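These protein sequences, in sequence, are chains A and B.
For the first sequence, my numbering gives the first residue as 1, with consecutive numbering after it.
For the second sequence, my numbering gives the first residue as 1, with consecutive numbering after it.
Every clue listed holds true.
DSBU-like mimics (lysine-lysine), calculated; alpha carbons at most 35 Å apart, straight line:
1) 52/A to 103/B
2) 124/A to 52/B
3) 52/B to 24/A
4) 52/B to 119/A
5) 103/A to 119/B
6) 103/A to 24/A
7) 29/A to 52/B
Treat the hints as calculated values from the structure; they're not laboratory data.
Here the structure is a predicted model, which means the values were calculated and not measured.
Number of protein chains: 2
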Amino acid sequence: MSKHAFQDQGSVEHCHGCGADNEKGLRIKSYWDGDEAIATWQAQPHHCGGRKDIVNGGVIATLIDCHSLNLAIAHAYRSEQRPIGSAPRIGYVTGNLNVSYLKPTPVNEPLHLRARVTKIDGRKVWINCTVSAGGEICATGEVLGVRVRRD
Amino acid sequence: MSKHAFQDQGSVEHCHGCGADNEKGLRIKSYWDGDEAIATWQAQPHHCGGRKDIVNGGVIATLIDCHSLNLAIAHAYRSEQRPIGSAPRIGYVTGNLNVSYLKPTPVNEPLHLRARVTKIDGRKVWINCTVSAGGEICATGEVLGVRVRRD
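One chain only, chain A, in its complex shape:
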């Protein structure tokens, strides 16, 4: 498997959360770790919530959403034994996103995401994702992705 991030192979373009070409986005970078996907991301000060030292809940939701859908896309390409980004393009959209916030997520530490596919049923895929800092899980998410046609 390539050591390049899914996004740098063209898994998703434009996107605010994960597009490598979105200069004002979060630019998440997701990689294989066995059958799971991992990512490390560092918040900037303006990504805070109501306290300057804690990451905004919506930003955490964005990390979970984008990292999980990137896993869905990479998983589908792997299942078809094709390189990420190859034609015909594989796309997923979010059907449902459920995030539980377990403890404050720090702005000043790297955040570690880990996602795994839990179920596949036709065009639908379910993914669980955790967000950790300093070895502790700060938030968990469940994402329902739905495969769509891409041009």
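Chain A is already provided as a structure; the job is to place chain B on it using the hints.
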């Protein structure tokens, strides 16, 4: 009731989603409409998802999260018959955020949010929120907010 947005009265500061003082944030502005809270927000091109014409799911989650918690805060101040932002400050954090994406949410149209309190139990409040464009609901969210001490 004031015609100023909750955020411009100091409901929340700093926050990436709704802090009036966060120059790089989404700067959502929430207002009373009877017992519900409404907001109108216009995406910028970099808020797109994997298609340039559709808003990123994480940005939609951020809108729902922040608008709903602002309603929770405003509702609590109103219940105590105090102005928003008055001491002692009232704060809420998100315990759970559940967003269902019903249809693509356009980048080029104003988005309309509407939130209402559905249940209160001690420090916990449950809020439902919709995101609409062109008269159609694009996403719905359920937010569990938990009241916290603020300095």
